[in-house]
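K.L.:
The lines below spell out each chain.
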Amino acid sequence: MKRLLSGNEAFARGSWEAGVTVASGYPGTPSTEITETFAKFPGVYAEWAPNEKVALDTAIGAAYAGQRAFCTMKHVGLNVAADALFAAAMTGVEGGLVIVSADDPGMHSSQNEQDNRQYARFARIPCLDPADSQEAHDFALVAYNISEQFDTPVLFRMTTRVCHTTSPVEVNEQRLQPRPTIKFPRNPPKYVMMPANARKRHVIIETRIQELAQFAEAFSGNQVEMRSRELGIITGGIAYQYAREVFPDASVLKLGMVYPLPVKLIRRFAEQVEKLIVLEELDPFIEDQVRLMGIELYKPLDAAISYPNTKTIFPVTGELNPAIVRLSAEKANLLPPASQKASMSQTALDLPARPPVLCPGCPHRGTFYVLHKLGLPINGDIGCYTLGITPPLNAIDTCGCMGEGIGVAHGAAIAGDQERHIAVIGDSTFFHTGIPALMNVAYNKSNVITIIMDNRVTGMTGHQENPGTGRTLQQKETTEVNIEQLVRALGIEKVRTVEAYDVDTIEKTLKEWLKTEEPAVLITQEECALLPSARQRWMPLAVTDKCNGCTVCFRIGCPAILKSDELDPKYNRPLAKIDPLLCTGCEICAQVCPRDAILFRNQIKPIAQEPVFSE
Amino acid sequence: MMNFPLINPLKQPVNILLVGVGGQGTILASNILAELGLRLGLDVKQAEIHGMSQRGGSVVSHLRWGEKVFSPIIPPGEADILLAFEKLEAARFSDHLRPGGIALINDHSINPMTVSAGLVEYPDHAQIQGILNHVTGHIYWINGLKIAEELGNTRTANVVLLGALSSLMTIDPTDWATVIQARLSAKVIEINLKAFQTGRQALRN
Ligand SMILES: Cc1ncc(C[n+]2csc(CCOP(=O)(O)OP(=O)(O)O)c2C)c(N)n1
Ligand code: SF4
Ligand code: SF4
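First to last, the sequence lines map onto chains A and B.
Residue numbers for the first sequence follow this note's numbering, so the first one is 3 and each next one is one higher.
Residue numbers for the second sequence follow this note's numbering, so the first one is 881 and each next one is one higher.
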């Protein structure tokens, strides 16, 4: 019987059926649910590693030891793990090794939309690109076989719309027997990549990729679907769905393996159709290779290829959808101009936006309120706390990739920037790549002040465990990293841990440290307000009639603080009110209120019995 | 009150765009619709964007039923039904509705930060109605939250809306009940089935 699975769940299921026993990953949208799903199957080991490189090295080690293994990450994670990727490409493996890169065309939750199919070509390894959940499942089973048959890691490239689309999947009830444990290989020519060995391996991997190109000719995931011969479309991954939707009558060569390509199959297909086009999301990855084969692609009359963007017809940026594909095809005279245009109503564009904001009760809020007041340059990082950029806090000045904040602050400081730099970084990000950067601050002595915002969880990606939480992905108790001790061990002497809700202490500590020139680290600690244990403490606060609408509490940017319809009689300003359904009772607003008009938690119960406040 | 024939998913492909605000149960409703499609023997695709764990952002789920469904995304102008859990989001995604499609809207507003901070104004009911009128005359309002409150559990508002949605389609109510039961924990099944029934009657009155 078919069941509904997301692409992520389907890949996890397929891997389990393939007898995989080890998975390691680092969370990142849209990949996160793969390892989370896999962790719940019987007879498997699954973990969150501190970063993608460690995760990949772990999966490589398991594969060297003869087990089938996979490693998951979002697309930018493969940049972090690239060194390990190229190493494994050189050595090959014993047990099947699959590396999942979940790309994010359209940047729904990412800082770029790099096309990681390019990594396959770069590292000379095969790349599979499933088009839906069924294929994510079926290709998973095939991927481990390819890995073992050709002695190569396999890049499993997925995209947001495949990862996060649910569709019916036929699964196998039986799991393949996991591979037997072997004696760890003692094979230096293959596994010790010193130059003399590596030179020989390079020749081997170039031969391997040739053989894989031969394999691609007969690979069942590469399919020709002949319909009308007027138009032929070469496509792969999610773009296949748009090809079928927009050009129902066209012939299609659907590539399940997008690297290396089956040259003969493509040539035969090209000969059978009048016009040949390539439909793919992001880079002209297939398109460029087809042109290199000397195969002619259809060119609309006035479209010159404008190097270095060699993509024709379809856009090189952003996520595709049927509407964009249709519009591009119309412009290229592949389809007649549409009779029925989308009913874009102009008015819809002026509506108030609903951007993500720090939750009510978020432990990051108080720190950003203080940082906003200090007005110093703030080198941020990636996590919930990046939302410190949103008005009215406006307290992030740089943010590009995970772990960069401390290094960027250090660089600016040693370049002689006149202002003191403050780096802010989350706990998970600190473990990910912040530690070496902070070591550099201590070792090479700059005056950077680092704030580690320890909300006891990897928040942004949906609350995953990390080395600071004392629990593993499979819910085992474990040693908890003591961040303060770790920071001291790195050579930082000025270290202080404070409660993240204690706005006053945060402000005083920073102001005191600004008088010295030493590097310093402030750890602001408090559970993310959405964690189940934190939810149990939620308790809405209330505004009393002492409020005169001074607006100070609006400046902390809490969604639970509203402007009420009531005006202050003297100043004619709207009074503050608190939405009791949203407020968690973090007391940040109560601390900043200059008139003590917001009651603290311990003031609420006794007074609540005699109704005094205006709410 | 309904001046169009009931939608029969066995005879025509159906595209439903569900929109709401984080925490309203939009995705759960979409999951139920996906299971329902599978139960009816249809091909199904359900697509949404995860990742921003913060509360308060817009939530969109694309749900498609058909003999064979290709694209997971419903392009602008091609949704047969816009099921909105919040008014502003209904207006925001009105361009996804096909001309003459059905808008079924929870008569409930949640202020975004920009509004609660007093930077911009929340559009009034007439403005929202006007934006939707641009696209279709088939606009149905239902006060899901109020109905759910009267039933004694505000968290069933999403199922009230599913009940209302069911009254626009030919699908047998027992099929709905089966998938709703399968998706919820035993404790809350009874109240949710009641919410479904109440919602199912709501548009008829
Ligand atoms: C290289 C890389 N890996 C993963 C991600 C996805 N990602 C974004 S934020 C984040 C976690 C942040 O957690 P933490 O630092 O604890 O901050 P919080 O969100 O809890 O405030 C992750 C894993 C990324 N953007 N880049
Ligand atoms: S999920 Fe937690 S850390 Fe992230 S914004 Fe919300 S309260 Fe803050
Ligand atoms: S106590 Fe104040 S700042 Fe904290 S959640 Fe409630 S309203 Fe927001």
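Honestly, the hints are just simulated from the structure, not real lab data.
Don't take every hint at face value.
[Unchecked claim] Keeping only pairs whose Cα atoms sit at most 30 Å apart, straight-line, the calculated DSSO-like set for lysine-lysine is:
#, chain 1, residue 1, chain 2, residue 2
1, B, K1067, A, K42
2, B, K948, A, K478
3, A, K266, A, K277
4, B, K948, A, K333
5, B, K891, A, K277
6, B, K1026, A, K579
7, A, K256, B, K1074
8, B, K891, A, K4
9, B, K891, B, K1067
[What the hints assert, rightly or not] A few chain B residues that face chain A, going by a derived Cβ cut-off under 8 Å, partial list only:
#, residue
10, F950
11, P955
12, Y1002
13, T1050
14, D1052
No residue lacks a Cβ here, since even glycine has one placed at the ideal position from N, Cα and C.
K.L.:
Does each hint fit the structure? Answer for all of them.
P.N.:
Checked hints:
This hinted pair checks out: B/K1067 and A/K42 have alpha carbons roughly 24 Å apart, not beyond 30 Å. Taken as a hint, the B/K948 and A/K478 pair is broken in the structure, with Cα atoms around 43 Å apart against an allowance of 30 Å. Between the alpha carbons of A/K266 and A/K277 the distance comes to roughly 18 Å, so the proposed pair stays at or under 30 Å and holds. Between B/K948 and A/K333 the alpha-carbon distance is near 28 Å, which keeps this suggested pair within the 30 Å criterion.
A threshold of 30 Å between alpha carbons decides the hint, and for B/K891 with A/K277 the separation of about 35 Å lies outside it, so the pair is violated. For the suggested pair B/K1026 and A/K579, the alpha carbons sit about 23 Å apart, so the restraint of at most 30 Å is met. Simply put, A/K256 and B/K1074 have alpha-carbon atoms about 47 Å apart, too far for the 30 Å limit, and the pair is violated. The suggested pairing of B/K891 with A/K4 holds, with an alpha-carbon distance near 22 Å, which does not exceed 30 Å.
Between B/K891 and B/K1067 the alpha-carbon distance is near 36 Å, which puts this suggested pair outside the 30 Å criterion. Because the smallest distance between the Cβ of B/F950 and any Cβ of chain A comes to about 4 Å, under 8 Å, the interface hint for this residue holds. Restraint check, B/P955 versus chain A: the minimum CB separation of about 4 Å is within 8 Å; hint holds. Restraint check, B/Y1002 versus chain A: the minimum CB separation of about 7 Å is within 8 Å; hint holds.
Given the 8 Å rule on beta carbons, the hint for B/T1050 is violated: about 22 Å separates it from the nearest Cβ of chain A. Violation of the interface hint for B/D1052 is found here, the shortest Cβ-Cβ separation to chain A being roughly 20 Å, above the 8 Å cut-off.
The earlier numbered hints that this structure contradicts are 2, 5, 7, 9, 13, 14.
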